[in-house]
Each structure stands twice: as C-alpha cells, then as structure tokens.
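Sequence order for the protein chains is A and B. Just so we're aligned, residue 1 is where the first sequence starts under the numbering used here, counting upward by one. Just so we're aligned, residue 1 is where the second sequence starts under the numbering used here, counting upward by one.
Careful: at least some of the hints might be erroneous.
[To be verified] DMTMM-like, lysine to aspartate or glutamate: derived pairs with alpha carbons at most 25 Å apart:
no. : chain 1 : residue 1 : chain 2 : residue 2
1   : B       : K209      : B       : E234
2   : B       : K150      : A       : E130
3   : B       : K447      : A       : E120
4   : A       : K242      : B       : E400
5   : B       : K209      : B       : D70
6   : A       : K254      : A       : D212
7   : A       : K134      : A       : E120
8   : B       : K233      : B       : E154
9   : B       : K233      : B       : E265
10  : A       : K308      : B       : D398
11  : A       : K308      : B       : E400
12  : A       : K199      : B       : E265
13  : B       : K160      : B       : E444
14  : A       : K254      : B       : D359
15  : A       : K254      : B       : D113
16  : B       : K80       : B       : D113
17  : B       : K160      : A       : E152
18  : A       : K89       : A       : E130
19  : B       : K134      : A       : E120
20  : A       : K242      : B       : D398
21  : A       : K134      : B       : E411
By construction, these hints were calculated from the structure, which means they are not laboratory data.
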Amino acid sequence: MALLEVKNLTTHYRILRGWVRAVENVSFNVAQGEALGIAGESGSGKSTIALSLLRILPAGGLIRRGSILFEGKDLISLSESEMRQIRWKGISIVFQGAMNAMNPVYRVGDQIGEAIRIHEPGVGNADVNERVAKLLETVGIEPGRANNYPHEFSGGMRQRALIAMALAANPTLLIGDEPGTALDVIVQAQTLRLLRDLKDRLGLSMIMISHDLSIIAETCNKVAIMYAGKIVEYGDAVSIFKNPLHPYTQGLIKAFPSIHGERVRLSSIPGQPPDLLNPPPACRFNPRCPYVMDVCKRTEPVLQEQDKGHFVACHLY
Amino acid sequence: MESPVKSQTNAEPEKIPPAEAREGQGKKRKSKKSGLKYVQFETADGSLLEGLVQANSKGQNPNGRDLVFDKCYRIKDVGKIGRVWAVRDTDANENESSNSLQQFAQIEEVEDDPAIPKGPVVAVDNVKKWYPLKRGFFETVFSRDEMNVKAVDEVSFHIKRGEIFALAGESGSGKTTLGKVVLRLQAPTGGHILFLGRDISRLDDRGLKPLRRQMQVVFQDPFESLDPRMIIKEIIAEPLRVQGVLETDKDGRERRRRIGEQELEERVKKSLSEVELVPPEEFMYRFPHEMSGGQRQRVAVARAFVLNPSFVVADEPVSMLDVSIRAEIINLMVDLVRKYDASILFISHDLALAKHISDRIAILYLGKMMELGSAEAVVDLPLHPYTQALISAVPVPDPESKRTKDVISGEIPSPVDPPSGCRFHTRCPYTHERCVNEQPPLVEVEKQHYVACHLYS
Numbered sequence: 001m002a003l004l005e006v007k008n009l010t011t012h013y014r015i016l017r018g019w020v021r022a023v024e025n026v027s028f029n030v031a032q033g034e035a036l037g038i039a040g041e042s043g044s045g046k047s048t049i050a051l052s053l054l055r056i057l058p059a060g061g062l063i064r065r066g067s068i069l070f071e072g073k074d075l076i077s078l079s080e081s082e083m084r085q086i087r088w089k090g091i092s093i094v095f096q097g098a099m100n101a102m103n104p105v106y107r108v109g110d111q112i113g114e115a116i117r118i119h120e121p122g123v124g125n126a127d128v129n130e131r132v133a134k135l136l137e138t139v140g141i142e143p144g145r146a147n148n149y150p151h152e153f154s155g156g157m158r159q160r161a162l163i164a165m166a167l168a169a170n171p172t173l174l175i176g177d178e179p180g181t182a183l184d185v186i187v188q189a190q191t192l193r194l195l196r197d198l199k200d201r202l203g204l205s206m207i208m209i210s211h212d213l214s215i216i217a218e219t220c221n222k223v224a225i226m227y228a229g230k231i232v233e234y235g236d237a238v239s240i241f242k243n244p245l246h247p248y249t250q251g252l253i254k255a256f257p258s259i260h261g262e263r264v265r266l267s268s269i270p271g272q273p274p275d276l277l278n279p280p281p282a283c284r285f286n287p288r289c290p291y292v293m294d295v296c297k298r299t300e301p302v303l304q305e306q307d308k309g310h311f312v313a314c315h316l317y
Numbered sequence: 001m002e003s004p005v006k007s008q009t010n011a012e013p014e015k016i017p018p019a020e021a022r023e024g025q026g027k028k029r030k031s032k033k034s035g036l037k038y039v040q041f042e043t044a045d046g047s048l049l050e051g052l053v054q055a056n057s058k059g060q061n062p063n064g065r066d067l068v069f070d071k072c073y074r075i076k077d078v079g080k081i082g083r084v085w086a087v088r089d090t091d092a093n094e095n096e097s098s099n100s101l102q103q104f105a106q107i108e109e110v111e112d113d114p115a116i117p118k119g120p121v122v123a124v125d126n127v128k129k130w131y132p133l134k135r136g137f138f139e140t141v142f143s144r145d146e147m148n149v150k151a152v153d154e155v156s157f158h159i160k161r162g163e164i165f166a167l168a169g170e171s172g173s174g175k176t177t178l179g180k181v182v183l184r185l186q187a188p189t190g191g192h193i194l195f196l197g198r199d200i201s202r203l204d205d206r207g208l209k210p211l212r213r214q215m216q217v218v219f220q221d222p223f224e225s226l227d228p229r230m231i232i233k234e235i236i237a238e239p240l241r242v243q244g245v246l247e248t249d250k251d252g253r254e255r256r257r258r259i260g261e262q263e264l265e266e267r268v269k270k271s272l273s274e275v276e277l278v279p280p281e282e283f284m285y286r287f288p289h290e291m292s293g294g295q296r297q298r299v300a301v302a303r304a305f306v307l308n309p310s311f312v313v314a315d316e317p318v319s320m321l322d323v324s325i326r327a328e329i330i331n332l333m334v335d336l337v338r339k340y341d342a343s344i345l346f347i348s349h350d351l352a353l354a355k356h357i358s359d360r361i362a363i364l365y366l367g368k369m370m371e372l373g374s375a376e377a378v379v380d381l382p383l384h385p386y387t388q389a390l391i392s393a394v395p396v397p398d399p400e401s402k403r404t405k406d407v408i409s410g411e412i413p414s415p416v417d418p419p420s421g422c423r424f425h426t427r428c429p430y431t432h433e434r435c436v437n438e439q440p441p442l443v444e445v446e447k448q449h450y451v452a453c454h455l456y457s
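Could you build the full structure based on these sequences and the hints that come with them?
If you want it as structure tokens, here you go:
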C-alpha cells in the first residue's frame, strides 16, 4: 500500500471576488522510498498541495473535497491536535527561501532542537544536543556550528540546516518546496545530492516541488505535471521526459535551454497562465494549446492511462 | 584628474620638453611625464595589437589632441591598418610594467575603410572595484591595514558592436558590481572604462548624462524595478522626457530638444508594440501591479530600448520569471539587439541560457576573470577547472543522466580576504604549489579563448 494516497484533492482560496480554484481534483500516490516530483509554473497550485498535505493553508484557504490518506489515516478528518502529531513526525517540509526560513535571533542548534523538544517532550537536554549534532553531521555541517546564529551561515549551509531541521523528528515523508531555487548552481547541486543521499540512506519518501524540470529529473522517479490547478500528466519520470504526451509538458521541456547540444533559438509557450478565479472552460490549457480542437472547449479531458503507468489528460489521446 | 582628452588639447606639441626634463615638476603634470599613450589596435583580420604611442610629436597624432576612436589608422612600422579603440594616458609606472607591449613608433590616420570592423562599444581595462570595510573605533586606531572587499579586481574585456556578451559566475563573484561599474552607476577604484572610445571612468554625473542615452539597463526583478505609482506610459516616457530628442540642425550639429506630448505618446506606443504588448492602448494606462511578471519585464525591456541605446546591461533579466515565459523575453531582447545593432552585457548565472543566446562568455570568480571565449568554446570545451565544475553542476532535464560526476565541495570564499595566488585554489581539484603562491595571468590558450590557470601556462 502506498504511504500517501491523495484522492480528488480540491483546495480553493476564498477572496472577495469569489473562489480561487488553486487545486482541483488532484490525485496521486507516493510509495515508501519513492520520490515524486510536482512540476508546474508559478500559480499552478504546486505549493498549495504541499500546504494542504500539512493542513497549514493560509487564511481563506480551504480543502473543499477529497481525501489525503497518510499511513491509512485520512488527514482531512483529523483534529488539530491529532494533526500536530503528523506534522514533522510523519510529514515534514523544507521551505523555499533558505535565507528567510530561520529565526534570526535564535541559534541554529536551538531551532533544530526545538523541533525535537516539541515532538518528543520526554527527551532530555543532553540527548537533544546530541541529536542536533548528529543531524548537522548528516547534512554535512560541523556539529560545533550549532551555536552559530543563522546570519553566520552561508546560503548553502542555511539550506542544509533547514534540511536537518526537517529531519529532526524522523519523518517518513519529506516535502521539498523549491529546495534549490534560490541557490547557486554548485550549492544547488550539493543540496540535491544531499537530498538524494538522504533518501537512499534513510529510506525517506519525498515530494519535490519545483518549477525547474531539471531539478525534478535529477531527484525523482515519478513526476506529476501541473497546469492551472490540475495534473495534466503523471507517471514515471523516464517516460515523461523521454516521451512527453501533453502539449503543455512538451512545451515546458522544449522551453529548457539544454547545456549540451546545438545553439538554438529558445522556444516558449505563448500566452499566459489563466486566471484561476475564472479558469477557461473544459481543458484549462486550451487558450495556449497549439493543437486545440473544438472538443477541448466543451468537455474536460480526464486523466487516462496511455502507456503503462503514464497518465495524461488530453483529448489528443 | 580631468579626462585625458582635455589635457591633451591644452598641450601645445612643440613646447613640450623631453620627458626627462619634465620630471619632478609636481603632481599636476605627472600624467604627461612620459608623453605616451596606450593604444589598442584592432586590425582588419581581427587580431589585436597593443602598444604605446608617442602621442604629442608631430604627425603621429592626426587631430593634434586625442586619437579618435572609430577612424582608420595605420601603424607605420608594423604596416597594419585598423581601428584604435583604447586610448588612455600612461604614466611612467605603467610604462615600465608593460614591457610586453609593442612600442608603436608611429600611427597615422588613413582613409576610412568600411571593410575594417567597427571598434567595440565598451572596453574595460584593468577595472577594479574595492569597497572599504567599515571598522570599529579600536580597529581604526590600532590597526593600520585597510580592509577592502575586492568585488572586482583587475578585469579587462571589450564588447563589440552588436555582440551579446555574457558574464557568468556564482553569486558573490562580482558580476553585478562589474555591470554597475561599466555603466558608471558606480565609480571604479582603478582602471579605465572606454565607452564608444571615450574614457568614462572619471567622468562626473554631468558629463555622464548625455552618454546615458546610449547606455541602458534591465534589472532582475520586474516587481521592484518599476515604480508602482506610475502608469506604464509614464514609465516608458520617463527616459524620453529626461533625455529629450536628438536632432541635427542646419550646421550639422546635434541638438537636444524637449519632446512634445503627442510625439511622446507615439514613441511609447511604438515601443510597446516592439515588445509585443499589443494593442498598446490597452497597456499604456495600466499600473505595474495590473500586469504579470512577464509583461512587467517586457515593460522594463521597452524602457531600456526606447532611447535606441547602443549598449544595454541586462542583469539576470529572466531569473525571476517562469521557465515557460523566459524564452519569450530572451528572444525579444535578442531580436531588439539585432534590430538596433546594440550590444548587451548579459549577466547570468545560467550557463545553459548564456550558451544559447550570447556570442562570448566570461567566467568570473571572486572578482577575477577565469575564462573568456566564444559561447560554444567555454561551455562545450571548458578549460578552467572552475568552469568545468560550474558546467557539470548544471542540472540536466533527463532522468537517465543522474549526476554521478563529482560536485566540487565548499562555497565561494569571502572576498575580503581572498585566497592567495589563484583564487580558486581552495576548491580546485588540481591545486599544486604554484597555484597557492602565484596568480595565474589570463592567457590565450586557443584562438580567442583565454584562461587564467597554471595548468595551461
């Protein structure tokens, strides 16, 4: 059985002008030890999925339908105090923006220790310190640096410290929300390698959220491509990157300048992501799609299995 | 010091005594001590000569003042014809240290030859930008050493007409600082910047203002670079209002005139259509917050190109945008550059992008130039170990090529106290003793491919 089963998740944000349909009918599974990548433009709802899983949506955000089964329990029906037991121990998250995710007036070690103290109240001070030191070592930071403040860390070290913090309560599922975006290529490569190592060493399951397909290609074995709040393509990483079926996925992959290969004029997807207050009818990609047909404007395509384990929501198939 | 142009105009050639006789005449005349001019010379076959020219003696300096950029010259003893593109006063010290330079005996103006390529738009020569470090009271009293952040340290390059020149490196490598110094938004600590053949490294704001028409900038963040209280029309019109329109009057002189409202509106409309914000009427009266990130960056591009500049600095223009929109903005800029024959200094950490759009790439590390060459050469056949590390760290959108290669460890060291010798030696896999002690010079290893590494010298 899958570790995490998300079925028909629908999350909307209430604003004055109506409901912003950020996530609509999204379903996916994450098995033990598996890494799922969720890719899409900004505004496609990928971060909202992460926040829904942990039920830490900002004010106005509401899960309107669907179920999130984590280790057999439906997270949506849990009370707030039961949910607290899941956060950090069950599912933890590495937020984007390593620069701002830490409290500047507390020592790094104390911030990591705080997660342990809250989730395992019985642990003594000496044990906490020992575990913090171990965690820092796991992510490649000298344990002595636990007494430093965040400003004394470089960008890459802060990102590592955040990963250490996310691992503090031994979670089974780690969510990375744009974990490499604000970093330089070399530090980004180091961070991604660390995450891959951790996944293999600790048997972690991961959900990587990124707009950068190459980051997902490097870390994940399953991929979900999101467009305007819906999954348009879902499946095995190799088959999605080698044989993208949805026109949006094809455009997204083509828009990436490859460092190898000939110099070419870059191609792009014309148009803009839709307004989620009033999304286009039927297939939400139809205003930008090069292969648009009449049926695309009338009926909504459903996610269907095209090849083995490769799902796509498009009328072309 | 005044610009060298002026100092030369005042000097009457015949009355200048020989160099030795003038020594010790006080600081004011020091720059003229040698009477030599440093000249870079691009010949028709593209090779570069540099040397010192006796600037004040008869016949060698056609205009009796400064050697003027963009006219054809012949170096008599070498026998080559080309264009002079770097002229500056050399003082005695530089003269001695530059013994590798050729001594041009004579240089004379010849008829303009369109076959010889035009000189560069920007030439940067040994530019330094150091920021003094603020220190506490006790340190100021008890310690004499000055501490400086060496953001840019002795960098030289030039950008040709119509060229897209990319500056790449990690954050902290000094690429943004260099961009600001080249635009003279900040004054360099040392070295010279020649813009369209004019030394602008010591110009004041008033002297720079007419040149601003020719040099523009596109910033990284379209959410912060546009004034939220101005409508798009005003944002694009502002450079036109400030700079006015250039017109040539009856005597053939250029004159600046204020722009009328109607003309202004037309120019704004034209420039909005150029960046594909059509119909322009729909966008002209919007505020920046009513537009998406991609549209805002288009406005920033329109604003940069509205004065028809010959040089634009684009500082990470697409790093804040979504991948699917990036290509559009980049293509737009490339098209505008081709259309107006402008040059771009493209600052980016994305080497894949730089490879696809730029003609040449320079790699910066801790304020030093590590490698310089054509885009294909630098990315496909990188020579410097740092460039190699940068390129192997770029993620590839292919799940089957999982990165097995080594990623170099560590992070960029502090520029306050940069490593001795080669600045990369603390992270380099090939470090040997020489790297620790000796700074490698930038040498041409292959044709037009320069690298600063002891492995190649």
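Verification of the supplied hints:
Between K209(B) and E234(B) the alpha-carbon distance is near 20 Å, which keeps this suggested pair within the 25 Å criterion. Proximity of K150(B) to E130(A) is assessed by CA-CA distance (about 40 Å); at most 25 Å being required, the pair is judged violated. Restraint check for K447(B) and E120(A): not satisfied, since their Cα atoms lie roughly 64 Å apart, outside the 25 Å limit. Simply put, K242(A) and E400(B) have alpha-carbon atoms about 9 Å apart, close enough for the 25 Å limit, and the pair holds.
Simply put, K209(B) and D70(B) have alpha-carbon atoms about 22 Å apart, close enough for the 25 Å limit, and the pair holds. For a cut-off of 25 Å, the pair hint linking K254(A) to D212(A) stands: about 12 Å separates their Cα positions. For the hint pairing K134(A) with E120(A), the CA-to-CA distance comes to about 17 Å; that is within 25 Å, so the pair holds. Of the supplied pair hints, the one linking K233(B) and E154(B) is violated, its CA atoms being roughly 41 Å apart against a limit of 25 Å.
Taking the CA atoms of K233(B) and E265(B), the gap is about 8 Å. The hint holds against a cut of 25 Å. Among the hinted pairs, K308(A) with D398(B) is consistent with the structure: their alpha-carbon atoms are about 20 Å apart, no more than 25 Å. Distance restraint check for K308(A) and E400(B): the Cα-Cα separation of roughly 18 Å lies within the 25 Å cut-off, and the hinted pair is therefore satisfied. About 58 Å separates the Cα atoms of K199(A) and E265(B), which puts this hinted pair outside 25 Å; it is violated.
With a CA separation close to 18 Å, the supplied pair K160(B) and E444(B) stays within the 25 Å bound. Restraint check for K254(A) and D359(B): satisfied, since their Cα atoms lie roughly 22 Å apart, inside the 25 Å limit. Note on K254(A) and D113(B): the hinted pairing is violated, with a Cα-Cα distance of about 44 Å set against a maximum of 25 Å. Distance hint between K80(B) and D113(B) is fulfilled; the C-alpha atoms sit about 13 Å from each other, no more than 25 Å.
With a C-alpha separation of about 42 Å, the suggested pairing of K160(B) with E152(A) is violated against the 25 Å cut-off. The suggested pairing of K89(A) with E130(A) holds, with an alpha-carbon distance near 18 Å, which does not exceed 25 Å. In summary, the hint linking K134(B) to E120(A) is not supported, as the alpha carbons are separated by about 45 Å, beyond the 25 Å threshold. With a C-alpha separation of about 8 Å, the suggested pairing of K242(A) with D398(B) holds against the 25 Å cut-off.
With a C-alpha separation of about 22 Å, the suggested pairing of K134(A) with E411(B) holds against the 25 Å cut-off.
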